[in-house]
Amino acid sequence: MYLHLGGDVIVPKKDIIAIIDLDSSLQGLPTQEFLESDTTKRYVVRISEEGKEKSFVITDKYIYYSPISSNTLMKRGNNFSIMVKQWEESATG
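Taking the working numbering, the leading residue of the sequence shown gets 1, the next gets one more, and so forth.
Quick caveat, the hints were computed from the structure, so don't treat them as lab data. Misleading hints may appear alongside valid ones.
Lysine to any residue pairs mimicking SDA-like chemistry, simulated, CA-CA at most 25 Å apart [what the hints assert, rightly or not]:
no.: 1; residue 1: LYS14; residue 2: GLY51
no.: 2; residue 1: LYS14; residue 2: ASN71
no.: 3; residue 1: LYS61; residue 2: ALA18
no.: 4; residue 1: LYS52; residue 2: HIS4
no.: 5; residue 1: LYS54; residue 2: GLY77
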């Protein structure tokens with residue numbers, strides 16, 4: 001299963017560690033410290049133009065700054081799982 005993060009970026013759902021709302025998370029010091037310190041360990045990929053980021057997605061190798069809200073990304077991921085489950089149930093029947 002894959003999740004579209006915006007632009008031309010699609011990642012395997014199994015690689016996603018966290019999807020975090022950028023606005024609310026930047027108010028917390030631990031998140032700011034993580035982003036500042038972890039950017040040397042992971043590649044940072046900016047999907048949206050500067051200042052239009054709404055969320056960030058952490059995977060084992062990358063931190064993606066996405067123009068799509070964390071709520072929308074979570075819904076996409078959950079809805080896709082539900083659709084696949086429904087399709088599997090109808091196929092087996």
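Give me the numbers of the hints this structure contradicts, sorted from smallest to largest.
Going through the list in order, the structure violates hint 1 alone and respects the others.
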